[in-house]
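Chemist: Residues per chain are reported as follows:
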Amino acid sequence: MSDSQQDHPLFAQQPDPVAASPLPPAPESAPAPLMETPAECGDSDAPPATIDFTTHAAPQTTIRVMTSDNSPASTDAPATVEAQIAAIVGAVIASAAAYSVEAPATPASPTATAETDAAESILDAPPRRGGRLAWLFDGDDYRSPTDGAPRVLVAGRIVMGIITVGLLALLGRVVELQTRPPKPIAALVDSQTSKIELLGRHGTIRDRFGRPLAIARPGKRLFIDPMEIDNLNTFPNAVSEKLGYDSMLVSKRMAGRMDSQYVVLDRRMSDDRVDKTRDLKLDGLGVETYLVRDYPQGNLAAQLIGFVNRDGKGLEGVERMFDKDLRGRPGSIGFLRDAQRRPLWIESNSYRAPEDGSSVRLSIDLIVQSIAETELAKTCKEFEAQSGEVVVMDPATGEILAMASYPVMDANNYGNTSPELRRIRAITDTYEPGSTFKPFIWAPALEQGIIRPNEMFDCTTSGTYQFASGRRLRDAHACGLLTADGVLIKSSNIGMGKIGERMGKEKLYSAIKSFGFGDSTRTGLPGEVRGRVWPLKMWSGYSSTSVTMGQEVTVTPLQIARAFCTFANGGLLVSPTIRARDDSPLGQRTPVYQRVLQTATAEHAREVLRRVVTEGTGKHADSPLYTIFGKTGTAQVADKKAHGYIPDAYTSSFICGAPMEQPRLVIACVIHRPNRRKGYFGGIVAAPAARRIIEQSLIYMGVQPDPVQPKDAKVAMRFDD
Amino acid sequence: MIFSLHPGWFALAAALVLTVIGIMAIGTASAEYAEVQLRWVPVSLIVMFMVMLVPVKQIGRSSSILLGLCLVLLLILVIPGMPTWLVPPRNGARCWINLHVMNFQPSELTKIAFVLAIAWYLRYRDNYRTLLGMLLPFIFMLLPVAMILKQPDLGMSLLFAPALFAMLVAAGARMSHLSALAGLAVMAVVLNIAIIYTLPNSMQVLKPHQINRIKSMISQAQGDNRYIKDIGYQQDKAMTLIGAGRLEGYGTGQSRTIIAFNRLPESHNDMIFPVIINRWGFIGGVAVIGIYLVFALSFLAVALRSKDPFSKLATVGFAALMFTQAVINIGMTMGLLPITGLTLPFVSYGGSSLLTSYVVVGLVMNFASQRPAIVARPAFEFDNADAIFQ
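First to last, the protein sequences are chains A and B.
In this text, residue positions in the first sequence follow our numbering: the first is 186, and each later residue adds one.
In this text, residue positions in the second sequence follow our numbering: the first is 10, and each later residue adds one.
These are computed hints drawn from the structure, not numbers from a lab.
No experiment lies behind these values; they were computed from the predicted model shown.
Accuracy of the hints is not assured; some may be wrong.
Quick list of the computed label-pair ranges, beta carbon to beta carbon [said to hold, decoys possible]:
no., chain 1, residue 1, chain 2, residue 2, range
1, B, I85, A, E361, 40 to 48 Å
2, A, S436, B, A189, 30 to 38 Å
3, A, G357, B, R380, 38 to 46 Å
4, A, T775, B, L256, 54 to 62 Å
5, B, L256, A, R514, 26 to 34 Å
Here are a few chain B residues that face chain A, going by a calculated C-beta distance under 7 Å [what the hints assert, rightly or not]:
no., residue
6, P171
7, A175
8, M248
9, I251
10, G252
11, I292
12, I298
13, L302
14, A305
15, L309
16, F332
17, V336
18, M343
19, L345
Where a beta carbon is used, it is the ideal one built from N, C-alpha and C, also for glycine.
Isolated chain B, as found in the complex (with noise of 0.2 Å):
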């Protein structure tokens, strides 16, 4: 039943080809990280293996508990005056648990937690096509959010509400309200921004970093290099990496020396894709993308294939988590988004963030093997909706 053939199968295919060209360009970026890399693989893989065995059902009863579990370790690092032998803060961010055999990173987990909860909640339901239903779930989402923004880590923050709001698309809920919504958060961009160059620093919302990011980032687009000094360094030396690729790149012994001449901050971890355009050329940049696509895709086939509603929406809940944190990262080494620190899903180093999307995988490889139940209810049609709604 497990090894079934079906879409799920492209998925880990493409996760296993993405996890290969992560390692060499690792070992193209820094030689020494490739082998810890390389040891998290088996890990990642045994671990994707022991999700696949976990009923689904017991999965969704037990994604509540999960989801509070993360919440009670997110709130480990925001409360202030925890020991640092638990919580090392790393660049000024409080994101990682010591577990002593590896740093562990609860925000990580709770994404999952959170799409597997929220597909749970949203399986059988029908009031998220009212209004009011449909805010519930992402008034929830507000808070691990906000515990994650505290830490902080922007990035992983944005990772919830395109997943929350495709499932939610999935799901049924009504265009109006998801359209206004996503036109509530073009706003708050908007907002935010404008609250950059307008207020004074007392009054921001964001960070003072993340502040110099964004305007950094505006500027270079403008043609103003004057942050490429400090702020927009980073952005900057991955944005000449990419730019020098060619289309062939230039090979690992040439690609290693120019990177390493170029001094990219973290080429080897959230800076990977640079590395690769520049290893590989703009034809490694079209097999990634495209490997990205096949696996997004296959996801979604995926779910077009499953019939539990839970698997559906968890599965389509996982496709846009795993899609905007690769669009985000790929984004941002391009000048096209502000430096957040997301990693490249299973390309960049890290075994956290390898481990956790390799659960990924293993979860929806499960769904995906699931026989679909003989009878089974018909979810998210809903024809009286208008009942409902009146």
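Same shape as in the complex, but just chain A (with noise of 0.2 Å):
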């Protein structure tokens, strides 16, 4: 048995294909010891057969299988039954690994498999050649002359590596179809099980009094879906005629996004389109509902509110500032639809609910706001002026009530706006306030003693005047010898440059910047500036006349209006706000005041501002209904580029109070380049748009008029104007 098993062919040596190659066996030398089995061949007690699945190139590979084919005791051993599947198994992964490593080294000698088991043949015929595939299913180097059916292990393996394969294949395509579906497939299995963002819905902008200023509602759109167009020619046509949409425009918009399954036709659809839409049932046109923030009041304070963009980001006016408060958290929820897209249920767990967005309550007062503009483009109009601005400010807490710009937005168009028309010009935009800046150079000089109030100056009368520093000064009009209170009434340049010479740079500077002026208001909203006020060692020699006139310091409309309160509220320079102050979080309830004068400098001042609307430069703001306190202001307009002023430019102005003995409102109106030959002092163009506004609103909010006096009784009845 042993010996048999010596000259066994399975035990031999592996013939090396490649080192056998060019020596091709001689076909008497191999079959030599194997003529020596036959007679074991058909003998029952054979040694258990040794089937090898040793390959050609890959011994390490090898996988010894004991066969039990002519052994029947070993036919209910389990262990062998579990064998030979783990074999086969193993057979299959170690067959294809041989494959790819035998595949370009042995078919180069095909007639060099050797035929070394002819003796096992019945007919005992010559050797056979082996094929072009003989590699593959010949299996010559491990043919045993007792196993009958080596060409069925060849085959097995064949088979079993197609269906290996053949099932991964399958196991494959569901992984496919699981993580890279294809997309119309894709999308239905995204509808199927999908997670749907939910919006949270905008925070509502309100006035002071809860009038809504921004909402969200929910809108509808309208989309195209091109892959279920059934015909193509004919759907621009369709929806043309029936829904009144462009078909250019249908056609433009589908054009080269075929294979999109969204094309937006329109953002913001009426009503009656949604029905006909419905009604018409085309395929390949959808309605979609999502939330859009609308603007009920159309322009209104378009600039100071602002807008959002497509994804509820606010990028302008209060939608910015108050961007974190007004934008809700997107909740979720993920749900089960069926073929038909409706929802079947909503995952356990899968619902987190959206937040909407908490709503602010702006200190604006939209019947104010609306007055403001109402009379600010009139007064634009009628001046043929470039821009304005107004602003309406309650002088004891701070709160805006009104803030208007010229020329105005269209806060639901705002995509066609100009950046320019963007901006809330009363904080984004400085202009030389000019004489409208006398008072604040006047009061803390009356404050720190040095001028009294009836202290006489010499504001010649030629109307000019050459300083020590050598400026030159003029006055509108001569004025001759004026009291300090007289200076400010008449608006006497000389006067207050006297005045401003007397003070010297350092109180002056630190007058100017106790108003608050060359800082921040600290509203908070986008783009505030902060105005020019330029630093003591920047200042020249004729900065200290030049700045008593409003010249050489740039002011926002906001500014001026902030520190004009404090002649209103008794001194205090207040903080301004925008959002109503019991609205505000904690810390903002209140307004920060900083005492700037005296009470009594305030109202003295105040008095005087009262005299220069009755008998000074603010004349047309004399109201018969009201006594109103102000300060005119023209200045010229200067050029950004070259040095100097544009001729013929100015900015007229005018910031007042009324009334005086409790004063509710403050009003700074600033109107840009009005058009000169129809007037361009502040006491003619901003003066009388300034008292309308105030008589307007104190009207609205119910103030009493000022008992009357004599000689205005006539025109006490003349509300028109």
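Join the two chains, each given in its own frame, into one complex according to the hints.
Modeler: Put into structure tokens, the structure is as follows:
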């Protein structure tokens, strides 16, 4: 037995096909030892045949399987059966590996596959020639004389390989469908198990009495799914005919996006179009509900409120300032849908409720805002002005009641507006205040005892005066001898220059800074600028006379309105706010005050400013209803490129408050570059507008009109202008 | 002897597991069919046991007679003018003979008889080592295939060629001949698709609905969902169910609702695989395909052990048959193959299909449990082949 095993070709050295190829073994050499074994071939006592899965080039993958073919004793041994199955599975892997290694090496010499087992052939025929693919199924090296079926083995290997690869391919397809499904299937899969983001509704922006300025409402969006369209040629015409959209627009939108399933045709559908689309039942059209931001007041306070982009992010104005509060937090919901895309159920634990944004109540009074905008527009049109701003403030609380800009913009169509129109110009644009700046020099001078109310100032009868610095100033009208009060009332440049000279640079500078000029008002509105007050070291010899009449400094309308509040509220610089005080977070419910003037000084200044209206430059602002105090200003427009001033370009402004006893409103009305021929003095252009705003606002606010002076009795009934 | 340990038991175990999975899946798709299917299980097992008892030699000897009988039954289906009480047309196909206790599908029996007869025919022959000799069984195969195509039952007719091919490989037909034949088959498929796309309707070989299925599958693979609403509807729904299946599936309750609202036609029958994926997820897919692998490999192990050439060939043929059927069925649910209306063995609803599958298992169990002859004539060794060939 052991002898025969020794001679058994399986236990012989594996022939190396590469080494063997140059020297094909002679047919006689191999059969020689084999000739001894045929006697045992059919013998039932033959040793258990050893089938070797060893392949030509991969001896390390050898798997030896003990088959129980001729051994009845082992038929019932479970271990053998299991081993067999394991071997088969292993063989699949081994053979697959072996084939890939072998493939290039073995077919090199087909005749080299030695025919070693000719002896087992029943017909004892001469050794056959190997085919081209002999390596694949011959298995000559391991053929045993006692083994009846190596061919089944080889064939089995191939079939097993095919089966395994085939089934693995199917699994691969399952993976593919689940992870990277084809587009249309993906859409269906998505629609079947989908997670949808639930939009948190934007908070509402309201005015101080709760009137809505910006709301979120569900809107309808019309979109086209080109994949669903039955007839592409007639589709645009059908849409334009039934729904009234331009067929060219429809074609243009769809062009180049035929593989998209979502081409938006109309972002804000009107309700009747929604109904018509539903009735039309045209394949390829879809209506989608989403949240739109609406500005129900139209253009009113448009710049101030600002707008949001398509994703709901606040881009300008209050929308941007309170973006965090206003924007809701999106929630999500995962649910299943049926074939018709109807939701079936919500996946457990997948619902996160969206949080609506909180609403914001502004300090703006919509009616006052409306009055301010109307009067501003009227004035700007009347005087053909380039632009204008009005700020209305409550001097006691610092709340901004109105902030108007002209020209206006359309908040519901912000995409078509120029960036210049979108600014809140009352805080983003600065101008040289001119004479309206004088009270802010004059009052501290009085406060500090530098001047006394009845001190006389020679403002020259010629109207011109040359200062020690060499600066020559002119008054619009020669004033002669004036009291300190008179300097302000008549708005004498020479008188103010003398006061400024007497104060000196340091005191001038600290006076200006104490009113908050050159600093941000800290409303928090986007784009707010600080204005320009030159630092002391940059002041020239002319500066101390220039700033007294509002040159060399630039301010925003809000800054000057806020500074003017000090005269109205007894000398306190108040922190302005755009949010209603009682809606603000705790720290901002009460305004921050800074005492700038003594109450007595502020009240005296108020009386003097009242006289500006009754007997000075602001006569056009004198109202029969309310006692208005204010200051006019007519400034030349500084040329930003060249040094100096643009000829015939003026900023006409009027800042005022009313009523005298208990001031409720402070208004800054600034008109930029009115047509010179129509009028350009602040007292002519801006004062009447400010008066009308004050009158209407105070009447609306229910403020008792002041006792009518006898001389004004006749005009007391004039409500119209 | 019957109960001796052999790889056939793996096949039977795999078959039983698949049957249980199948009944659960059918219950998920449509509960009332699960009960009917459950009643078929004992019937199938009894028939399988009976098949196991028949001596192998007798099976072999009667195989040609059985095939002849099957051909007669197929002829009954094909002959025009058969009364509808005997041949009830279903979905436009005449595949069933009404036996009143059940609807009998002769093509199911034919595929078994065919494999047995071919195995019996090839067992001690060597003329298939020549090209002509190898083509003979293929030419003979065309007879049942043509009749089954006429029913029409494209899926079933597709099973014959792979089974015969595998048997010829196992028997040792020349690889060059076989590869040439395989190449021809591929060319035929390509030619057919070319015909579908180029020739006018009057010159088509396939039936219009078959053409549409192929067209729809190809266009769907190209991302065109024009056919989703009509021809490709079923495949599309099936792929949606599979794609939505996730890793672990949805469980019976949810999956039942998804399938009900997905409206996949024949979800309990030909389209059971998407149901499995939806119910048990990718894990279920791995399990089912793994069990098929065990099933097919244990068949091959039986073939490996067997000394009787008839048993060997028949077992290889059956392995190819079952494997091909499973792959075609699963492939068509995933848009890899056109829809052909072929059941998933052991899993799909249908008594006829289940019975046939268990008969196959019974036959293989029978072969596996045979004690090998003490002196067996070696078969399929053709070292003298050159002499024959030349």
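Chemist: It remains to establish, for every hint, whether it holds in the given structure.
Modeler: Structure-based check of each hint:
The hinted range of 40 to 48 Å is satisfied by I85 (chain B) and E361 (chain A), whose Cβ atoms lie roughly 43 Å apart. In this structure the hint that S436 (chain A) and A189 (chain B) lie 30 to 38 Å apart at CB is violated, the actual value being about 55 Å. G357 (chain A) and R380 (chain B) have their C-beta atoms about 42 Å apart, which keeps the hinted 38 to 46 Å range intact. Separated by about 60 Å at the C-beta atoms, T775 (chain A) and L256 (chain B) satisfy the suggested range of 54 to 62 Å.
Look at L256 (chain B) against R514 (chain A): about 30 Å separates their beta carbons, and that is inside 26 to 34 Å. Taken as an interface hint, P171 (chain B) does not check out: its beta carbon lies about 9 Å from the nearest beta carbon of chain A, beyond 7 Å. A least Cβ separation of about 6 Å between A175 (chain B) and chain A falls short of the 7 Å threshold, and the interface hint therefore holds. This hint holds: M248 (chain B) has a C-beta 5 Å from the nearest C-beta of chain A, less than the 7 Å allowed.
Interface hint at I251 (chain B): satisfied, since its Cβ lies 5 Å from the closest Cβ of chain A, which is below the 7 Å cut-off. At its closest, the beta carbon of G252 (chain B) sits 4 Å from a beta carbon of chain A; the interface hint therefore holds under the 7 Å criterion. Look at I292 (chain B): its Cβ only gets to about 11 Å from chain A, farther than 7 Å, so that hint breaks. This hint holds: I298 (chain B) has a C-beta 5 Å from the nearest C-beta of chain A, less than the 7 Å allowed.
The closest approach between the C-beta of L302 (chain B) and any C-beta of chain A is roughly 5 Å, which is under the 7 Å cut-off, so the hint is satisfied. This hint holds: A305 (chain B) has a C-beta 5 Å from the nearest C-beta of chain A, less than the 7 Å allowed. Because the beta carbon of L309 (chain B) sits about 5 Å from the nearest beta carbon in chain A, less than 7 Å, this interface hint is met. Proximity of F332 (chain B) to chain A holds as hinted, the smallest CB-CB distance being about 5 Å (cut-off 7 Å).
The interface hint given for V336 (chain B) is met, as the beta carbon of that residue sits about 5 Å from the closest beta carbon of chain A, less than 7 Å. With its C-beta approaching chain A no nearer than about 5 Å, M343 (chain B) sits inside the 7 Å limit, and its interface hint holds. The closest approach between the C-beta of L345 (chain B) and any C-beta of chain A is roughly 6 Å, which is under the 7 Å cut-off, so the hint is satisfied.
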